[in-house]
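Mind docking chains B, C and D on chain A? Use the hints.
Protein chains in written order, with the numbering used here: chain A, 1 to 80; chain B, 1 to 80; chain C, 1 to 80; chain D, 1 to 80.
The reader is advised that the hints may include incorrect statements.
Claimed, not checked - Straight line, CA to CA, 35 Å or less: simulated DSBU-like cross-link-like pairs of lysine-lysine:
id, chain 1, residue 1, chain 2, residue 2
1, C, K45, D, K44
2, B, K66, B, K14
3, B, K59, A, K44
4, D, K59, C, K29
5, C, K59, A, K45
6, B, K29, D, K44
7, D, K59, B, K58
8, C, K58, A, K59
9, A, K66, B, K66
10, C, K14, D, K14
11, D, K44, C, K14
12, B, K29, C, K29
13, A, K44, B, K14
14, C, K29, A, K44
15, D, K59, B, K45
16, D, K58, A, K44
17, D, K66, D, K44
18, D, K29, C, K45
These are calculated hints, taken from the structure and not from any lab test.
This is what each chain is made of:
Protein chains: 4
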Amino acid sequence: MGMRLELNTMIVTKNREVRQEENQFLLEKEGYRLYPLDIPIELKKTMTGEASGQAVVKKVIWEGNKTFLTYQLVSLNSTN
Amino acid sequence: MGMRLELNTMIVTKNREVRQEENQFLLEKEGYRLYPLDIPIELKKTMTGEASGQAVVKKVIWEGNKTFLTYQLVSLNSTN
Amino acid sequence: MGMRLELNTMIVTKNREVRQEENQFLLEKEGYRLYPLDIPIELKKTMTGEASGQAVVKKVIWEGNKTFLTYQLVSLNSTN
Amino acid sequence: MGMRLELNTMIVTKNREVRQEENQFLLEKEGYRLYPLDIPIELKKTMTGEASGQAVVKKVIWEGNKTFLTYQLVSLNSTN
Chain A
1 MGMRLELNTM IVTKNREVRQ EENQFLLEKE GYRLYPLDIP IELKKTMTGE ASGQAVVKKV
61 IWEGNKTFLT YQLVSLNSTN
Chain B
1 MGMRLELNTM IVTKNREVRQ EENQFLLEKE GYRLYPLDIP IELKKTMTGE ASGQAVVKKV
61 IWEGNKTFLT YQLVSLNSTN
Chain C
1 MGMRLELNTM IVTKNREVRQ EENQFLLEKE GYRLYPLDIP IELKKTMTGE ASGQAVVKKV
61 IWEGNKTFLT YQLVSLNSTN
Chain D
1 MGMRLELNTM IVTKNREVRQ EENQFLLEKE GYRLYPLDIP IELKKTMTGE ASGQAVVKKV
61 IWEGNKTFLT YQLVSLNSTN
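Looking at chain A on its own, in the form it has when it is part of the complex (with noise of 0.2 Å):
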């Protein structure tokens, strides 16, 4: 018996995420995942997709099977 997580490397929106501030984000996503906090990671509009720009987690919640992200978005790819 243990508790199951996804360790991810990047934040995948799905364009789900909620516009909290200027350049902060709140995203939900299903079961327990860890995320590194307080470093730039890429992230990406779709799994497979280009990664849209950096960001740098700055709050994880776990309750209830779901994580919420608070990240803030240091940097955009251009993509003319």
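Relative to the frame of chain A, chains B, C and D by itself:
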């Protein structure tokens, strides 16, 4: 460069827990600490002491290099 | 896309451990499982049974979606 | 009391990798480090440098407060 964390298999309160409800408590810890959620684990007052009971972690918040733990006491060891 | 793992706070042998030395055992588990190393944790024969003793994980190998655990038995509960 | 570990989202070689096969390498790191297995992650020579390619971790060994990492190089960034 990575994220430092500490894997914990029990809750050590050092009498710093704050009662929120009948059997629910909040505990603040330094650093990012990984506790299993939704699984009974041992509850201790001090690291080297006997278990005072069993608790289930219901919520974990990681932010600003701190861990905020919400747990429910599920059983108390008798110590008479 | 992430890596699934299971956080374990005790060792459940299901009698599948293989003795390597006097008090050292090897145990193979399905999936990637995270156990604390170098810390005494409970050892059980079955998930729901009583702890049969305490063990210290000395080595963990993750490969091919399996976990290979080397642990030392540090104390046995008397069960008379 | 817990187990300290470091969550890593990329491999930083510092030129200490040892080639084992055509595109397979072994790397020894201090401390217990958690890397995602079986998923392409960035490979760098130095922490602050550019990614030199992508690699997939195939095996991780934790023992004696060291991490032994076996990874396969899956793509190389051209740097001309």
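Starting from K29/B, check that the Cα of K44/D is at most 35 Å away, please. holds (33 Å)
For the pair supplied as a hint, K44/D and K14/C, confirm whether the alpha-carbon distance does not exceed 35 Å. Outside the cut-off at roughly 42 Å; violated.
Against the 35 Å threshold, does the CA-CA distance of K58/D and K44/A hold or violate the hint? Given that 35 Å is the threshold and the Cα spacing comes to 24 Å, the pair holds.
Is the hinted pair K58/C and K59/A satisfied, with a Cα-Cα distance of at most 35 Å? holds (33 Å)
Hey, K29/D versus K45/C, does the alpha-carbon distance stay inside 35 Å? holds (34 Å)
Given hint K45/A paired with K59/C - CA-CA distance at most 35 Å: Given that 35 Å is the threshold and the Cα spacing comes to 38 Å, the pair is violated.
Against the 35 Å threshold, does the CA-CA distance of K29/B and K29/C hold or violate the hint? holds (32 Å)
Do the alpha carbons of K44/A and K14/B lie within 35 Å of each other, as the hint requires? Given pair K44/A, K14/B is violated - Cα atoms ~42 Å apart, limit 35 Å.
Does K66/B sit within 35 Å of K66/A, going by the straight-line distance between their CA atoms? With Cα atoms ~20 Å apart, K66/A and K66/B stay inside 35 Å; holds.
Take the C-alpha atoms of K14/C and K14/D, compute the straight-line distance between them, and say whether it is at most 35 Å. violated (42 Å)
Distance restraint between K59/B and K44/A, which requires alpha-carbon spacing of 35 Å or less: holds (27 Å)
Given hint K14/B paired with K66/B - CA-CA distance at most 35 Å: holds (16 Å)
Figure legend: structure checked against the earlier numbered hints; hints not met, in rising order: 1, 5, 10, 11, 13 and 15.
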